[in-house]
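Protein chains: 4
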Amino acid sequence: MESSRDASWVLKPETTCSSCAGTEPPISGRVFRNKPKARSMSTSAVPSCAEFRRTQSLHGPSPVTTFGPKACMMKNPKAVMHIQDPASQRLTWNKPPKSVLVIKKIQDVSLLQPFKELCIFLTEKNMIVYVERKVLEDPAIANDESFVAVKKSFCTFSEDYDDISNRVDFIICLGGDGTLLYASSLFQESVPPVMPFHLGSLGFLTPFNFDTYQSQVTQVIEGNAAIILRSRLKVKVVKENWEKTRPREKNAINANGEVESGRKTMQYQVLNEVVVDRGPSSYISNVDLFLDGHLITTVQGDGVIVSTPTGSTAYAVAAGASMIHPNVPAIMITPICPHSLSFRPIVVPAGVELKIMLSQEARNNAWVSFDGRKRQEIGHGDSITITTSCFPVPSICFRDPVNDWFESLAQCLHWNVRKKQSHLSSEEEEF
Amino acid sequence: MESSRDASWVLKPETTCSSCAGTEPPISGRVFRNKPKARSMSTSAVPSCAEFRRTQSLHGPSPVTTFGPKACMMKNPKAVMHIQDPASQRLTWNKPPKSVLVIKKIQDVSLLQPFKELCIFLTEKNMIVYVERKVLEDPAIANDESFVAVKKSFCTFSEDYDDISNRVDFIICLGGDGTLLYASSLFQESVPPVMPFHLGSLGFLTPFNFDTYQSQVTQVIEGNAAIILRSRLKVKVVKENWEKTRPREKNAINANGEVESGRKTMQYQVLNEVVVDRGPSSYISNVDLFLDGHLITTVQGDGVIVSTPTGSTAYAVAAGASMIHPNVPAIMITPICPHSLSFRPIVVPAGVELKIMLSQEARNNAWVSFDGRKRQEIGHGDSITITTSCFPVPSICFRDPVNDWFESLAQCLHWNVRKKQSHLSSEEEEF
Amino acid sequence: MESSRDASWVLKPETTCSSCAGTEPPISGRVFRNKPKARSMSTSAVPSCAEFRRTQSLHGPSPVTTFGPKACMMKNPKAVMHIQDPASQRLTWNKPPKSVLVIKKIQDVSLLQPFKELCIFLTEKNMIVYVERKVLEDPAIANDESFVAVKKSFCTFSEDYDDISNRVDFIICLGGDGTLLYASSLFQESVPPVMPFHLGSLGFLTPFNFDTYQSQVTQVIEGNAAIILRSRLKVKVVKENWEKTRPREKNAINANGEVESGRKTMQYQVLNEVVVDRGPSSYISNVDLFLDGHLITTVQGDGVIVSTPTGSTAYAVAAGASMIHPNVPAIMITPICPHSLSFRPIVVPAGVELKIMLSQEARNNAWVSFDGRKRQEIGHGDSITITTSCFPVPSICFRDPVNDWFESLAQCLHWNVRKKQSHLSSEEEEF
Amino acid sequence: MESSRDASWVLKPETTCSSCAGTEPPISGRVFRNKPKARSMSTSAVPSCAEFRRTQSLHGPSPVTTFGPKACMMKNPKAVMHIQDPASQRLTWNKPPKSVLVIKKIQDVSLLQPFKELCIFLTEKNMIVYVERKVLEDPAIANDESFVAVKKSFCTFSEDYDDISNRVDFIICLGGDGTLLYASSLFQESVPPVMPFHLGSLGFLTPFNFDTYQSQVTQVIEGNAAIILRSRLKVKVVKENWEKTRPREKNAINANGEVESGRKTMQYQVLNEVVVDRGPSSYISNVDLFLDGHLITTVQGDGVIVSTPTGSTAYAVAAGASMIHPNVPAIMITPICPHSLSFRPIVVPAGVELKIMLSQEARNNAWVSFDGRKRQEIGHGDSITITTSCFPVPSICFRDPVNDWFESLAQCLHWNVRKKQSHLSSEEEEF
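Taken in sequence, the protein lines are chains A, B, C and D.
Every position in the first sequence, counted from 1, becomes a number in the numbering used here once 913 is added.
Every position in the second sequence, counted from 1, becomes a number in the numbering used here once 913 is added.
Every position in the third sequence, counted from 1, becomes a number in the numbering used here once 913 is added.
Every position in the fourth sequence, counted from 1, becomes a number in the numbering used here once 913 is added.
Any given hint could turn out to be false.
Which copy? The list can't say, so a pair holds if one copy fits it or any two copies do.
Stated by the list, open to error - Here are the simulated BS3-like cross-link-like pairs (lysine-lysine), alpha carbons at most 30 Å apart as the crow flies:
| # | residue 1 | residue 2 |
| --- | --- | --- |
| 1 | Lys-1065 | Lys-983 |
| 2 | Lys-983 | Lys-1008 |
| 3 | Lys-1011 | Lys-1038 |
| 4 | Lys-988 | Lys-1008 |
| 5 | Lys-1029 | Lys-1008 |
Think of the hints as simulated: they come from the structure by calculation, not from any bench.
Okay, chain A solo, but in the shape it has when bound:
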């Protein structure tokens, strides 16, 4: 039954159509071949199979693959992707989680009490709590006698020295979108599920309110929470002439990079955006933008932002971008104060490969940063290659991917906040 060549396009056997079921073979992309019904029929009481093909996937329905009576799409099984509907993505546990990394925004006194409370709660649940060493060095924590016993059970680490990427079962963030960006930066490959709490006002990345943390955390530990896979960008920076400019570091290999024959390569995973700008220079930046190897445009202005949909509501929106829901598989390219009046932001498919290099006529170096971190200079010949990563950040939803997003648009960006009374153009009867 499933041997039909196109069967894999169908959702499942029962997604057949009342009008073609029965003796007919299971539907496939070629289903309409024998159905010369007038187009107006599709609106009729008898649902056509088109109605059944409608999936609930946030990616939209699978398109039919036959076009008129004789044309169809050439099959290329190697190029088929199988994607689970983003709206139905839920978290589960292979084994019960045992370790949790708690990330706290530093230098924010209002977070100290919630942080301590949460750690005590987790310890009582027999979780191994990972905390970054510098968080515990905060005097308010270091000098708190009552917290000593709890602290003792912590596993501590330092960002640049210890690799905890395989030791943490899930992550709790306290205190703002920056905490999730920081969590992301700690995991260059697979990222454990993240549960982000805001304390003051709602953030784009921090949907959970701390008030009910006990029940919320318990529920996540028990599994079966809705998650949103926030795509990240994999960024590769290649610096030419590394040897010449910094001879002593010739053989050094830093955390994210390696040096080889005078060329240094670094790699980053970014959750919001890669920003290339003029840095401290007062000159405009002048960079070439390549897509899948072709020069598509040159950016003259303050810089350019390459962002994920998650990042579209961060720096990109300030630079004029439209906002993109994080479940849209796309990359956004937004110029920063461009020379040209017509340089509108664009949205390209998530699967392209972008490359940024200094233009030949650039008189100054550019600077690049990754989620606002690791800022560095880019000279002639250096390149920044950007693709969508296959390591997204699985962020636990408060309600679901759609509602959480619209809630944050309203709360964080005051999107379409309106005043009831008209203040625009006048109308005849309105005086």
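With chain A fixed as given, assemble chains B, C and D onto it according to the hints.
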């Protein structure tokens, strides 16, 4: 059942990585399984499985589905979509094409000669040429003695009377983006492949230059052309109280709709956009926008545009939207001259269901149109429901989906047209 | 020669400076002549005469008119304007005001009680109250027994039949920006001072809260209130071929126009904006824009808005314009959904003459409206000529022109409403 | 005759009205008192005096100052400004010009030959040529044997050591908008007339083409050229705690500033804009903006631009501002990538006083620059005060202020560059 060649792409426990999952065998995208020489090797001394999973799909790579040591995505086979990489979509023929619909922009004398030439060429190729009756009524064609013989062999039809949806193997458009929109409107279900020619300047939807039409058409007839599936929106308009307002039409069924118990339902497939605006009224429009059943915002202003990515470069871009590549599975929502300063356009996943209704406090009816056609009034209680259609327009590419798009951005929108000399902010050394 | 009170401000050779012109006495703005202790002293050891020339005018200081040692501006007394500083403009009465026009937004029940209260208050103050007839026809007013006595003393009029332009000493508006636009439309030449009350939320044009109307109105009657002169546009519409298209109306003269040899001329005073758009047509509009007789650009899109600074916060802001303070002598030109990505709004000096005509290649007529009223069709050959009027609307300020404006930006447009917590780009220390 | 109270508002005696002339006194603001003509009369064949009041001033007509039968504007002679119509401003010479400053963009080899030619031409005209020393140090000039004789007659100077502000009769700029900005920076008070040449493409500030320099320069020397007074901003920077942070410089006084009791004050004249931004910091900037002493808003984002109308087409336009003609007396405030979606740019009257200070909650210092120069850090307590300067830059027009501006909008910004063929929304008949 799961032994099908594509099964390995489905989300399963074994989609883990040899370096992080002990004894389990490496699972990866089939394509690369035997190709450990992935180009990304150079960026990392120890390639993780992530490197192997990288596909070339324009949708981006399949994300890993294990998150840290113990978490993974809950499997839900029913919610898995199988998508062929948009970049690799090519046209093929089940049987040789025999009939072609030629669509010509009317009232444009510059198109007459090319139209005749093309028809003669197709006739000589033994194709059955379909032409709309009103095209032949143009005096310049009707009175052309030399064209009489050719005309005789045509199949003619009238838009509102004849259903040609199952008789046309492919379509050739002559003369502007409007011709493709018209072609789209003729096919409410499966659309034959379309080959759109521009005659003057390049259009967003008409990549082919007529100069070399003979070789180009021949190549398409022979099959194996790159196509882009331009997604359409399926729009359902429900008018309440149809009975009351138009009692005599009670039982009438028009081309796209049906009337039942005083309610009239119509359905449209749109390629560019659905526009809801204030029509001839000088009042602002006031409509509620629902997403998957939830009220997400109220639009006060001149109106709102719900567009496909294809439509993002049409009316939406004039209203301030970012441009979206047609291969991004998304729907764009763009307000037209909104009251609110903060009402930035948004991009939502292609799979959502949008609904537009008059707000309760609206003092005037709104008007809706579909790709600029079928303009009609919308009153209190009426609804416009919009989802992504499973019947895209398969448009033949001149080069490929990506290059064609950037070419039209430059040619049609002068996107980031630049002047070499700086005219922006001053710089110290620049005087 | 210097005895004329204002003469010293005029551009003359002697407007040089003691420190740069030898024996000549210091010449400066009269105000500061005896005040060498200008506040700017601290910034320069040797005060140049420039310091003395600084006026407090909102128009900025008078520029020096000598340029280096030998150049100066050619004197042209005929081209000198004398402008009173907008910031110091105050209302006074030649004789005590005796008549007041009360304008009430119709069809708004919430305004009935305030309206009656106000009328009784004014009658008790022995003011003659003018009210439009249709306001009194509202059943809630017509049937109110207790209001009969008060009504009897009213002077009533009808918009299109009675000319009250010379009988009203001042105007009180109740109920929204539309009331001020309506008041403006009643006075095509000199406009009496207007006192605009809002009842619900603050409007751009209605700064007064009704709660304290008694003291506020009393104060205005006693004189000496700050006013802002809101400039208006004088618009002349010339319709060619009037005779041909409407032969029977050949000799008719309507309220604002006259017909002569087949051409009809109408004139309007607008406070917010002239809008030229595509009207009910779904075609784009295509109009030529002339400035002082030169074609400066062609507008392709939904239309174009020519607005006063007052109108910059109305329809223009919805179409993307920057907001202009009403005391800036300027005209704003804003395209509505233009075809071209680079068609940014522009601001031109108040003294230019603009003209709008259909482009030769326009396939459809355009429509024009004036403050949202008097909508009419514009065909080939017709013209719309726009200049700044010398009859502004003197609107009484609640505080002063600057504070009132920023208050309404915040209240009406939520201008730069911010959320304290950062939600934009990430920063290293912020996690 | 001039004793009438309002007489100063009239342009001159002959600006009377045919309908009120004769025995009536010369018109004044109160002209309409005895004219109860219906408002529709104003459109009649008999011109009302309103028609005569229309001046050609770019600032617009003088508004009437009587409002209805009894109200008028309170006279305040001290607050009256006398402004010469910007459109009629022309250059003249008190004495024949003898000295000319030639400014050449450095490091641009294409300018060497034109520069030499121009200098020889000026020398032959017996002009004293001033050239900055570093221009002559360019090897291509220093080593040119044939140029030695010409060079000998030059007066040379160095920017920071020699004050040439009283020695130069006019200025010629060669090579781009930056040269005019540099010229402006050399003259902190009165600026000699400037004649700016572009060599490659037209600049906003450089309307003259070098091809016809001989006739053009000769004409200017002979006087009577149209000029545009480009307003500048006077910026005062006050740094508190100067003593503490830099004790050794305590008593130093630099070119533009002075130090007093630990506070340092500097003053600048800027032609384009003052930019306050985050400088090399990756933090957002957070500054308070005051207008006439009142806090009007807080800027959170990349920064803020305060620009002249001349500067509106420079950095401000890249940040999203509307373009303002240089003859509009205004100041533009444009946020750079603001946090808030609703932070639209605003245009305020030229006469206001703006002040920018770090917000109390700012975590980082900001940076300020003036026409892209003199970049410096701004800490807590420091202030930047901005007003319109009375020392504009008198720039010689190629044609006139209006035509030159629209020419540069088209050439430099490709403003509303259009494609003839429609690419926007589809229309029914357009296919």
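Results of checking the hints against the structure:
{"no.": "1", "hint": "Lys-1065 <-> Lys-983", "verdict": "between (72 Å within a copy, 25 Å between copies)"}
{"no.": "2", "hint": "Lys-983 <-> Lys-1008", "verdict": "between (52 Å within a copy, 6 Å between copies)"}
{"no.": "3", "hint": "Lys-1011 <-> Lys-1038", "verdict": "within (9 Å within a copy, 72 Å between copies)"}
{"no.": "4", "hint": "Lys-988 <-> Lys-1008", "verdict": "between (40 Å within a copy, 15 Å between copies)"}
{"no.": "5", "hint": "Lys-1029 <-> Lys-1008", "verdict": "within (27 Å within a copy, 72 Å between copies)"}
Violated hints for the displayed structure: none, as all numbered hints are satisfied.
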